[in-house]
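**Q** Chain by chain, the residues:
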Amino acid sequence: MLTILTLAPALGGVLLLSLPGGWVERKARCLALGVTLVNLGFVLSAWMHFDGNSGTFRLVEKHEWIKLLAVDYHLGVDGLGMLMVLLAALLLPLAVLASKPVTERPRLYYALMLFLESGLIGTFTALNFFHWFLFWELSLIPAFFLIRFWGGPARTEAALQFFIYTMVGSAGLLVAFLGLFLATGTFDFGRLAELARGGTLGLEVARMVDGVAASKWVPWLIFAGAFLGFAVKVPLMPFHAWLPGTYSEASPPVTMLLTGAMSKMGVYGFLRVLLPIFPEQMRLLQPWLVSLAVITIVCSAGAAFAQRDLRRTFAYSSINHLGYCLLGVFVLAGSGPESARSAVVAGVLLQMFNHGLTAALLFWFLALLERRADGRHGLNDFGGIRQVVPVFAGLMGVAIFSSLGLPGLNGFIGEFLIFKGVFALHPWAAVISTLGLLITAVFLLTVIQRVFSGPLSTTHAGMPDLTIVERVQLAPVVGLLFLLGIYPQVLLGPLGGFIRLVGAGHS
Amino acid sequence: MSVIDNLWWIPVLPLVAAGVTAVLPRSSRRWSAGLAIGSMVGALLGSLLAFGVAADFAQAHPGVVQVRNFSWFQVGETWVRLGWLLDPLTAVMLVMVSFVGLLIFIYSVGYMAHDANFTRFFCFLSLFAAAMLGLLIANSLLLLFICWELVGLTSYLLIGFWFQKPSAAAAAKKAFITTRVGDIAFLLGIVWLYSEAGTVLFYDRGAGCLETGVLADLLSSVNGFGISAATSIALLVFLGAVGKSGQFPLHVWLPDAMEGPTPVSALIHAATMVAAGVFLVARTYPLMAAVPTVPDHAPPAITTTAETHASIVSETHGEAARGAVSTALKVVTWTGVLTALMAAGIAVAQTDIKRILAYSTVSQLGFMMLGLGTGGVGVGMFHLITHAFFKALLFMGAGSVIHGCHEVQDIRYMGGLRRSMPVTFATYAVGMMALAGVPVFFSGFWSKDAIFHAAHGWGPSAMPFYLGLAAALLTAFYMTRQVCYVFFGEGRNPVPGDGHHAVQAPHESPGVMTVPLSILAACAVLLGVLGTPAWPWFQSFVGGTSLTLDWAELRSTESLRIMGWSALVVILGIGVGWRLYARISSDPKAPDALCRVRPDIYSLLENKFYVDEIYAATVVRGHAGWARLCAWAETWLWAGAVQAAAYATVGLSWCNRVFDEYLVNFSFDRLCGGLGNGGGWASRWQNGRVQFYLRFIGVGVVLLALMMIWGCRA
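From first to last, the protein sequence lines stand for chains Y and Z. Anchor point for the first sequence: position 22 equals 22 in our numbering, and the numbering is continuous, going up by one each time. Anchor point for the second sequence: position 492 equals 999 in our numbering, and the numbering is continuous, going up by one each time.
Honestly, I wouldn't trust all of these hints.
Here are the computed distance ranges between Cβ atoms for each label pair [what the hints assert, rightly or not]:
no.	chain 1	residue 1	chain 2	residue 2	range
1	Y	D374	Z	A1029	53 to 63 Å
2	Y	T458	Z	N730	52 to 62 Å
3	Z	E997	Y	T459	43 to 53 Å
4	Z	N513	Y	S45	31 to 41 Å
5	Z	V1157	Y	P153	24 to 34 Å
No lab work stands behind these hints: they were computed from the structure. The structure displayed is predicted, hence computed values, not measured ones. Built from N, CA and C at the ideal position, the CB exists for glycine as well.
Starting from the given sequences, assemble the full structure and let the hints guide the process.
**A** Below, the structure written as structure tokens:
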């Protein structure tokens, strides 16, 4: 099942590229949409049937693969994996829908998107480092090309920066896992986590370089490599410098995927790899990591306020929102009462999903806005356009307030739960982080004020409002924001087992 | 089918109206107004029903709250639960909000008749009503907070309703952000309470956070600064109330909020939403008032400062309360009285008819806090209810004046309107006298009297009583000034400035506006009957004490002395005001009478004690500076780090390659290397050859799958 989910989009992509003729070129968007929607249908049915109560892995596929290296082809999803697969499968059709203006080599563009989906789903389902890493990289490459060919004026630099940055992170990961493999002879996440729980992983790693006198630094080096990979991907400050440029140069539909789904690969990595396999290092570094997360939250909010470009504002806003996830993850590295830890886990999971949805939606709106304004996206390029595009302003307003964490919309509950849990475990981190909530409100309302309110600027007096088709496309997503805000149990129900397990300290 | 089981219908009705109106086309004006008003009628009927049930229930089981809790979502082992409740406090507020709301909805039909966005206006109003009614019945601090944020949202939307006006857009933002400062403290209070008590339900069969068991735990948990968790949480929650109810130092948004349409000012920024802060303090009163009665190390027991009627606060009760006033209540009292005095002072020197009323609202909210802090729930809430009626009346009267004067808001350009707008004048005069607290016949006198009684008997300090009297003096004074400017004297130029517009005579408003005015005026007089010292029905109902008709109470020296004081300051205020302003110059540009007497004080008041300027110089600047610092760090600090990282990258990449080659020698990972490095090479080579590479990747994936299948067979 999972194999099919993973490979179907890639097969679709290959098909798209190899079918001949201009017909495919014209209908590429429809075909891609079809493939992603079918995949979404499968993922949804998997989600419906997913029994997350026990917290164990479901839909497991395990086959012996490369005997020599003891590599198994091992797939499976627990609550976390299922949630991320759902998010990726959900965002892809949205990004395809948002990509209407692509006229240049559409076949390639949509094929790349489908490859990206394969990469994402593969990453979220793999339980063995070997093919996990393949998919991790596989998602990076299409993203690179999507930025490189369909981006803004400075796309070459942005794409290169993005690529090199994430590649450095990947290199760190590769080194780290090779080290672990040499020490333990396994690439399996579950097996490594078991060793770590038993406390023997450190010993194994230390024994690996027994010849070297002081081997204490080896586990730390390995940890650093893995940490770097994920910290860049999320990103955690100060590893974020690639992000604003990339997000603002990539075309908004691509950014939808970058911020909506790919940034979650980083948080996913923290939860799936760093917490279970390196609990000792995470625990020892916890005060520093928590401080970094707080800095990420507060500084990115401040930087967002200082931006004069809507893409960059929302880019920094993304860093800010993921900062709450990281704060939660780092707080989990310590011990604490079950109720507080559960709240943090649930909050982080909700925040991951909701940020993915909301940020993607915001960039979608940005795409629609830019299309109507000849590509302009400066904060001060607009003014009073609510007069001419009331429906657009209303719906984007919903997305902005969701990003701001308004109760009743999806953003609130995740943040509330994170704050609730973090306050019990690290009160000061929670208190300082609330500054982020405040500054977020300031800059998001400033966006509304500058773009939608005030006297109508003459340049945009003829701007058309959303068409019926666009409204129909956006309505379900906006509806989802409400649904998840009012009835979060839809998501939390199947995650129960995972939350209990991690909440009890079994990360 | 009991009422309590179906209480949720009360907020849901307007919510449905809002939802339906949101998707209606702009042209369906009748539908939107009809739905909104219909839903409010439904809510009012439901509220009256609930009121009856609550009254019966309170008689049968005094002090017991009816609740219905439900599970919302699951976090690990526990469910987050919410619920709704019905007690006298909620019942009274429900009736007030739905009744005043209904009148204002009707009034809006006339006031907004010419607005292009009529439909949207009623959508927002209904949403507001839903959130406000939800806030009242919430049995969970979290649910209350959710509704609290939603009323904040609707306030934001309605202040900025005329979004084309930059001032309105700015005022809306300011309102949202200023209240959000308080809200964030409130949120921290909630998470603190949640993590300390494990619940945010108010009442839950003895396990709720306002019930004695949990309160005792909160009191006994003392932090490093010697402050109990109960006090800390109470103060944080109170900060939320400070933001919402425009108390000092977060009052700055409320006067600016007058940028919204006048019905909004009447409903949201006078009668209901701003009173939500007062309601919050009343709702969490057991937490606010909780004090450990500790002789040394005995297990702490709870004394909740008696929520009795202040007029019957005897000397013995004063004794009992003395020394047992919680820190939180002291803060509430002082904040309230200082706000009351400061805002009343500012109102003296304003010239915009709505801004005067806005500062008056701030000041009266301060009075309510004073009443809560010194006298308990009954006293504070009585003033809240009477104020809601006469302040809504005043705002709607002001709206009628503005409407009649063709959108003029500056009182210096009005004058003599008593002749052209007789109904408005009569009702406005009633409102003014109720607000000023003219003795015996007006509700404001009795509710303020109750506050003075309570403040007089307050243990910790006598100062709030005298400061409160001073604020009452100023109240009478500024209202007299305003009425003189607007309704008396000769008509001054009705169009300010250059007079380009044709001078149109002011006219009386249509019946759809004046009828609600008259109803409210009747209420502004009659409501006082419910809370006199002789028959304190309101206080005993809300406070849950027994009720007797006792005329002697009215004649006791204590009562008479305080009523005397109160009457004296009112007469003094009106007298001085009348003397200064009865004969104002007919030139609108002439300096204010007070300005001629004391220009220095007048200027200080006119500039609102420069609070806005101080904030602009400190908070706003600090925030902008912080943002600039972050942006600077982005370009310079992290860029430096990137440079360093670039060198590190080279090093790391090199290591990576060494490792890769090392592994390749182990015949491992050809594919991985191929894919990973393929991307790297492609980044240098990409032009034109991508298609080929991608096909390669796709084929690679398929090969991988085949390999896997083959591997499994083998």
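**Q** Could you tell me which of the hints above the structure violates, numbers in ascending order?
**A** none
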